[in-house]
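Q: Single-letter residue listing:
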Amino acid sequence: MHEFGIADAILAKTLEISAANGGASVERVQVLVGGLRQLVPEMLEFAFNALAAETAARGAALDVELAPVRVVCRNCEHAFEPDDLFWTCPVCGTCGANAVTGDELILKSVTLADVAPETASARPEPSGEKGR
Amino acid sequence: MTMEIHVVQKVMKVNDEIAQAIRSRLEAARIPAVNLMSAPGSGKTSLIETAIRSLRDTVRIGVIEGDPDTTRDAERIAALGAPVVQINTAGGCHLEANLVNRALDDLDLDALDLLVIENVGNLVCPVEFDLGETRRAAIISIPEGHDKPAKYPKLFRTADVVILNKIDLLPYVDFDEPRFTGDVRGLNPDASLLRVSCRTGEGVLGWLDWLRAVVQPTAQVGR
Ligand SMILES: Nc1nc2c(ncn2[C@@H]2O[C@H](COP(=O)(O)OP(=O)(O)OP(=O)(O)O)[C@@H](O)[C@H]2O)c(=O)[nH]1
Ligand SMILES: [Mg+2]
Ligand SMILES: [Zn+2]
Chain A
3 MHEFGIADAI
13 LAKTLEISAA
23 NGGASVERVQ
33 VLVGGLRQLV
43 PEMLEFAFNA
53 LAAETAARGA
63 ALDVELAPVR
73 VVCRNCEHAF
83 EPDDLFWTCP
93 VCGTCGANAV
103 TGDELILKSV
113 TLADVAPETA
123 SARPEPSGEK
133 GR
Chain B
70 MTMEIHVVQK
80 VMKVNDEIAQ
90 AIRSRLEAAR
100 IPAVNLMSAP
110 GSGKTSLIET
120 AIRSLRDTVR
130 IGVIEGDPDT
140 TRDAERIAAL
150 GAPVVQINTA
160 GGCHLEANLV
170 NRALDDLDLD
180 ALDLLVIENV
190 GNLVCPVEFD
200 LGETRRAAII
210 SIPEGHDKPA
220 KYPKLFRTAD
230 VVILNKIDLL
240 PYVDFDEPRF
250 TGDVRGLNPD
260 ASLLRVSCRT
270 GEGVLGWLDW
280 LRAVVQPTAQ
290 VGR
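Chains as they are written, first to last, in this note's numbering: chain A, 3 to 134; chain B, 70 to 292.
Don't read these hints as lab results, they were simulated from the structure. Watch out, some of these pointers could steer you wrong.
Claimed, not checked - Which bits of chain A does chain B cover? Going by a derived footprint, with three or more residues having C-beta under 8 Å, they are:
hint : stretch
1    : 37-50
2    : 53-62
3    : 70-79
4    : 102-116
Unchecked claim - Covered stretches of chain B (in silico footprint by chain A; criterion: 3 or more residues with CB under 8 Å from a CB of chain A, positions within the stretch not fixed):
hint : stretch
5    : 93-106
6    : 125-134
7    : 159-168
8    : 256-263
Even for Gly, the Cβ is constructed at its ideal location relative to N, Cα and C.
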């Protein structure tokens with residue numbers, strides 16, 4: 003159930019961005035999740051929606067994009083997308099390859115609705131600057 | 070108007086930054102940290118107790134105990150006279166770096182040679198959170214079955230040592246040890262693999278040697 007901890011981190015950053023834009027309500031949040039992250043997208047969405055219920059992100063859609071796992075053979079350095087448990091190299095048969103991608107967990111974008119033009123800030127870190 | 074803001078930021082940034090801060094703190098104090106991960110009841114606390122009892126005169130061990138709800142494990146460690154800090158996760162299924170960082174404030178790091186962190190019993194969630202540890206230990210016990218590495222591969226892929234505990238129970242359970250060993254080797258050819266019984270003491274020397282090597286990586290000459 004670490005989905006809740008991760009949804010909480012996504013929500014915190016999302017609300018920071020909303021606050022920097024006059025508290026605009028959040029319509030959509032896009033995240034990229036690597037195939038090694040042991041996250042169930044539906045659980046992540048559920049957790050995000052539950053935590054967001056009382057916030058500016060209430061009802062926002064969480065789009066989870068999955069990133070593929072890519073590994074490199076420890077023997078011959080062949081790069082491949084593994085299709086077995088042991089990440090066996092299709093070229094030389096060595097198992098236990100090293101992961102190069104698959105651990106991504108990235109907040110890609112936040113879409114805000116009803117942003118008043120004068121409070122809109124294109125940068126996510128406008129410290130101190132508050133819309134009124 | 071609607072506005073899409075591109076962020077591209079690591080979601081775990083906060084945890085990872087605190088983990089890095091922990092790493093610096095521990096490096097400054099010259100103590101390595103071992104993060105023990107397993108299902109509930111595999112023997113994490115028993116392995117720590119064994120280490121404290123046996124290494125008492127040579128390695129000063131401090132312990133951080135992650136526990137969803139009780140102080141029982143911390144009491145077991147305190148009864149042996151070792152410094153211990155309890156982290157109550159209030160039902161949470163894993164430790165996070167901020168909790169460990171706070172717990173470190175309550176330990177006298179200069180009086181320690183090794184920090185052992187007992188994570189919350191869980192084979193999935195703890196794996197995702199860097200705690201600033203030096204080494205990761207995955208523990209599995211005989212009654213849990215030989216198929217656990219195949220079912221929870223990430224824990225075993227990222228472990229520095231895999232400890233098979235409760236080997237005294239092998240005669241009573243249909244645990245296919247060659248299969249288990251093959252799976253662990255296939256997932257992680259680099260991990261050390263130890264067979265231990267905290268009950269009979271079999272294999273405990275291997276666990277103690279592994280810990281000594283973590284504390285003093287150069288002192289492995291005498292074999
Ligand atoms: N037979 C046998 N029992 C063991 C062994 N090691 C531990 N136990 C028993 O297994 C039970 C759980 O051990 P703990 O050390 O508390 O396990 P743990 O992983 O710390 O458990 P949680 O903190 O609850 O996740 C206790 O009753 C121990 O006495 C062993 O090698 N053999
Ligand atoms: Mg315990
Ligand atoms: Zn190869």
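Q: Which numbered conditions among the earlier hints are violated in the structure presented, ordered from lowest to highest?
A: 2, 3, 5 and 6
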